[in-house]
Amino acid sequence: GAGVSQSPSNKVTEKGKDVELRCDPISGHTALYWYRQSLGQGLEFLIYFQGNSAPDKSGLPSDRFSAERTGGSVSTLTIQRTQQEDSAVYLCASRLQGRHHTEAFFGQGTRLTVV
Amino acid sequence: DQQVKQNSPSLSVQEGRISILNCDYTNSMFDYFLWYKKYPAEGPTFLISISSIKDKNEDGRFTVFLNKSAKHLSLHIVPSQPGDSAVYFCAASVGGNKLVFGAGTILRVKS
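So the protein sequences, as listed, match chains B and R. Numbering-wise, the first sequence is residues 44 to 158 according to our numbering. Numbering-wise, the second sequence is residues 218 to 328 according to our numbering.
Honestly, the hints are just simulated from the structure, not real lab data. Nothing here was measured: the structure is a model prediction, and the numbers come from that model. Glycine residues also receive a C-beta, built at the ideal position from the N, C-alpha and C atoms. The reader is advised that the hints may include incorrect statements.
What the hints assert, rightly or not - Taking lysine to any residue pairs in the SDA-like style, the calculated list, with each CA pair at most 20 Å apart, reads: (1) R:Lys222 x B:Ser52; (2) R:Lys271 x B:Glu146; (3) R:Lys255 x B:Leu82; (4) R:Lys222 x B:Phe88; (5) R:Lys255 x B:Ser52; (6) R:Lys255 x B:Lys58.
To be verified - Chain R regions said to be covered by chain B (calculated; three or more residues, Cβ under 8 Å): (7) 249-259; (8) 287-298; (9) 315-324.
Take the sequences, apply the hints, and build the full model.
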């Protein structure tokens with residue numbers, strides 16, 4: 044597709060279960076970001092992948108959160124032993140890095156509800 | 218440590234008038250600034266950006282102003298339309314790396 048695609052669009056899980064969220068970035072985009080937006084809050088940075096460089100994981104809130112980006116394309120955000128405070132919309136974005144500044148394009152998000 | 222701040226949680230404007238959304242930042246290393254618009258249940262969409270070497274960028278009804286000495290950014294929408302009602306986020310980055318977002322401002326344009 045032409046845009047950033049995220050799946051699933053909605054996920055309801057029981058507390059304590061693991062979840063995987065998927066992001067398909069725009070083809071050719073070397074940078075990929077994960078953010079989350081809790082109810083009534085702004086966009087909280089989670090992790091940033093840039094090409095073959097080590098990812099910037101400084102925003103991951105705990106060691107229950109991890110992310111991978113395989114082959115420089117698809118990314119998976121994994122949350123282990125989910126807690127109710129993990130409920131949020133998880134947003135993925137990709138960006139074409141180059142000599143000039145470029146904007147990031149967002150997917151529609153995955154709404155995660157932990158019950 | 219909130220490096221990007223949007224101090225107005227909401228703004229209400231009459232249709233046809235100017236909307237001014239403000240953003241302050243603390244990191245003087247930021248060299249690229251962006252505004253995004255977000256509708257409910259959708260991802261943010263890019264509106265307009267500005268490099269730190271400029272002080273103004275215009276695209277149709279949208280103009281972004283950058284005051285580096287004050288570390289202040291603003292988005293002007295004129296004339297405002299009901300379809301502009303959304304949450305607006307400003308964002309900043311250093312060297313094209315991670316984007317740091319503000320908390321957002323809800324804009325309501327009344328017809």
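Going through the hints against the structure:
no.	hint	result
1	R:Lys222 x B:Ser52	29 Å, violated
2	R:Lys271 x B:Glu146	16 Å, holds
3	R:Lys255 x B:Leu82	14 Å, holds
4	R:Lys222 x B:Phe88	15 Å, holds
5	R:Lys255 x B:Ser52	16 Å, holds
6	R:Lys255 x B:Lys58	29 Å, violated
7	249-259	holds (count 5)
8	287-298	violated (count 0)
9	315-324	holds (count 7)
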